[in-house]
Structure formats: C-alpha cells, structure tokens
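Engineer: Sequence:
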Amino acid sequence: MLKFCGLLLLASCVLIVRGGVIDVEVPQEITEDLEDDSKNTSSVNPSEISESNSTLKLVHVLFRHGPRTPVSTYANDPYINETFEPYGWGALTNGAKVELYKIGKQLRQRYKDFLPPYYQPDMIRAQSSESSRTLMSLQMVLAGLFPPENTPMEWNLLLNWQPIPIVMEPEETDVRIRMKADCPRYDEAVQEVINLPEVRQLHAENSDLLQELTNLTGINVTHVHDVTSIFITLLSEQTYGLELPSWTKDYFPEKMLPLAAKSYVYDAYTTELRKLKGGFFVELLLKQMQDKISGKLKPNNRKMFLSCGHDWTITNVLSALDVWQAQMPRFSALIAFELHQKAETGEYFVEIFFQNDPEEEPQQVQIPGCEKQCPIEKLLELTKDIIPDAPYSELCKAKDTQEVSKISYNY
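All letters in the sequence shown, in the order written, are residues -19 to -1, 1 to 392 by mature numbering (1 follows the signal peptide of the UniProt record, and there is no 0).
Please note: incorrect hints may appear among the correct ones.
Unchecked claim - Taking CB as the label site, the calculated pair distances span:
id, residue 1, residue 2, range
1, Pro67, Asp231, 30 to 38 Å
2, Lys277, Glu153, 28 to 36 Å
3, Glu362, Trp228, 47 to 55 Å
4, Gln383, Glu328, 24 to 32 Å
Keep in mind that the hints were calculated from the coordinates and are not lab data. By construction, the Cβ of each residue, glycine as well, lies at the ideal position given by its N, Cα and C atoms.
Using the sequences and the hints, build the whole thing.
Structural biologist: Here it is as structure tokens:
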C-alpha cells in the first residue's frame, strides 16, 4: 500500500475510505517501481542548531520568505512587461517552495527531541506578515516541519500535508514583522542619517557609479536605497531564470553589492532607528522568554514561535541586537532564538543562530558584551536601550512640522 497515487497511475489505483481516512491501494508492480524511485531520493542531513537540546525550553524562529519574482522594475528593464506567469509579480517560485519545505524538514530534524512528533496546536504559534509570499512561505515550512503521515493527525493517506493555522496582523499596525506601519519620526530619522557627513561622503565617492546606474536603468539613482531596489530586481529576475542585460556583467552583483547592503545599515544606523524597527520584535521575544521562565506563558506548554517576514525584518532584528555583519540578507534567511536552562544550576541562557543560506550551516552569533550562552538577565541589560519605552504612536511622532519625504522601499 502506498500513500501517493500519481495522475498517470490513477486508473490503476483503488481508493478506499477506512475509518474516515482516505486510503489508496496500488498494484504491486506499480508499488515496486515507486519504491525504487523513492530510494534514489537524497535525504536531508541538516546540522543541529544547538548541541544542548536537552536544556531547551523555548525557541522562536524568524525567517525571510523564499525566492520570489520581482516586486518592482526599472525604466530600461527588458522585462518590464513580463507577467512572470504562472506566479505573477512578487510571488514565490516553485523552487522557493521546495527550498522552504526543506527548511521545515531541517527544523524538524534539529528539534526532533524537543518538539512533539506531530502537530499539536498549543505547542506552536505561527505568524506571518500581511503578504502573500510570507504566508505561502510559512505554509511550506510548516508542511515540512509537521508532516502528518503516520501520526494521529493523518487525515488523508493521499496527501502528506495538514492545515495549520497562521495568524497575521494588518500591515498598518504590524510593528514587529512587517515593520511598515506609518512612522513619521522614522522617516525623519532615516533622512537625518542620509544627511550625515559619512553617508554623504559615501554617496560622493560613488557618484560615478550612481550616475552610470542612472543612465543604464533609466531611473534616478541617488542613494543606496535605489541601488538596493535595482539589485534585488536583478537578483529576482536571475533567480527566475531570465538572462540579464549585458550591461549588468560590469555591475551585478559585485560592484553593486556593497552599496546595496549599506541601505540596511542606514535603516538601523542609530539606537533610535533600532528601537523603532527591531526593538518591538526584540521586546516581544524577551517577554515570551520571561513568561516561559515565570510560568505565565499561555498556553504554558508552548514550545515554538515561528514567524515569517522580509529582508528588512531580519536585518532590523539582527541590528537591534548588534550582531548583524552587514551581509546582504538572502531569501529564506533564518534566525533561531533559543531559551535554555542549565540542568546543574537552573540558570537560563539564550543562544542565537543565524543562517543566511539554507545550503550552509547555521552559525551561532554572539551579542557584544555577552557569552554565546548569554544569561537572560545579561541579555535584558544589554538590550534595554533598544526596547521601546513608549507606545509606537508616541515614538513615531515627527519632531519637525515640515513633511519629510519617505525613502522608497521597492524591495
């Protein structure tokens, strides 16, 4: 008996309902062929995120959505009228779905001794930003993390998948994952950074490059955010399989990369900017850990939080913790925050792991001023300056009465 019946084999398959579950019987010769094929499938061999899983009490995994088609273009883009069928603009590709599903399987392997063997609603809370690509990305990771096959949650022997709820906050109020809620003071503060002497000098030193990109793309490229927008458009087109224009060979990715990465640096350049963006997520993260320690976390048997956001979500959170190395955030980049308790002393500590490429090993990161196994009390002390000390609406009030133009984030 097999759990899958392909379309080409459907005529030879027998569908049976047993105990409310759909089952399928396949002729022996077909079963043998498919079993031979399955033996040739390479297995996932992920690394362990932590070497001390026995001490693990809570984990929060934050990741970026997977590879997608472009969300924006430029005037001279030869693919400006491309429809990106069958996906459309700004949507996950099939390759992305495979990648994200594998990430879910990796998380299952890493936390196999911590998580229950099958999905239980109280054990995990999954949250996405208000975006189709993040919702789909989270669905794919959950599918790999909690396959229902051979568990009490199995409901259809033809389909090794189960529905798992995802919560989402509207963009206009989401200050932790989407991070696009209106904030006049943030717009002011970013403009202040752009006007700093060292930033103006960077733009001046790269004025020839900015002008060349202006001429080549047909849009006005004046600062690093413009470069980032073009960079990610080219990256998305390349990932989709399109041949890039010949001019890009002299600029993409090497020549554009340093400036493209700088935009994320400037978005969280000051303590105030880090508080306004990454600070609200870090505040929630630490509260979840404190509530777990005190027994106030509801439900009290919660083991994992799983959140899906964007490139700036990843960089703003890492910047708020002062552990980002200014590398370009990749699609599917992942951060794992683990709360552990020492068996000998009962003390709690936090470990953080960053994986910028799903094909590479996750790397443990160290918060400045703390050990890699950072005591929770020390972490609270080190992050106090970026934890919001007032409601978002208060912190976001503009200091200047004059309207400030917003930086366009077309990526």
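Engineer: Decide, hint by hint, whether the structure agrees.
Structural biologist: Checked hints:
In this structure the hint that Pro67 and Asp231 lie 30 to 38 Å apart at CB holds, the actual value being about 33 Å. Separated by about 29 Å at the C-beta atoms, Lys277 and Glu153 satisfy the suggested range of 28 to 36 Å. Here the CB-CB span from Glu362 to Trp228 is close to 51 Å, well matched to the stated 47 to 55 Å. Hint check: Gln383 to Glu328, Cβ distance near 51 Å, so the stated range 24 to 32 Å is violated.
Against the hints set out earlier in the document, a violation occurs for number 4 only.
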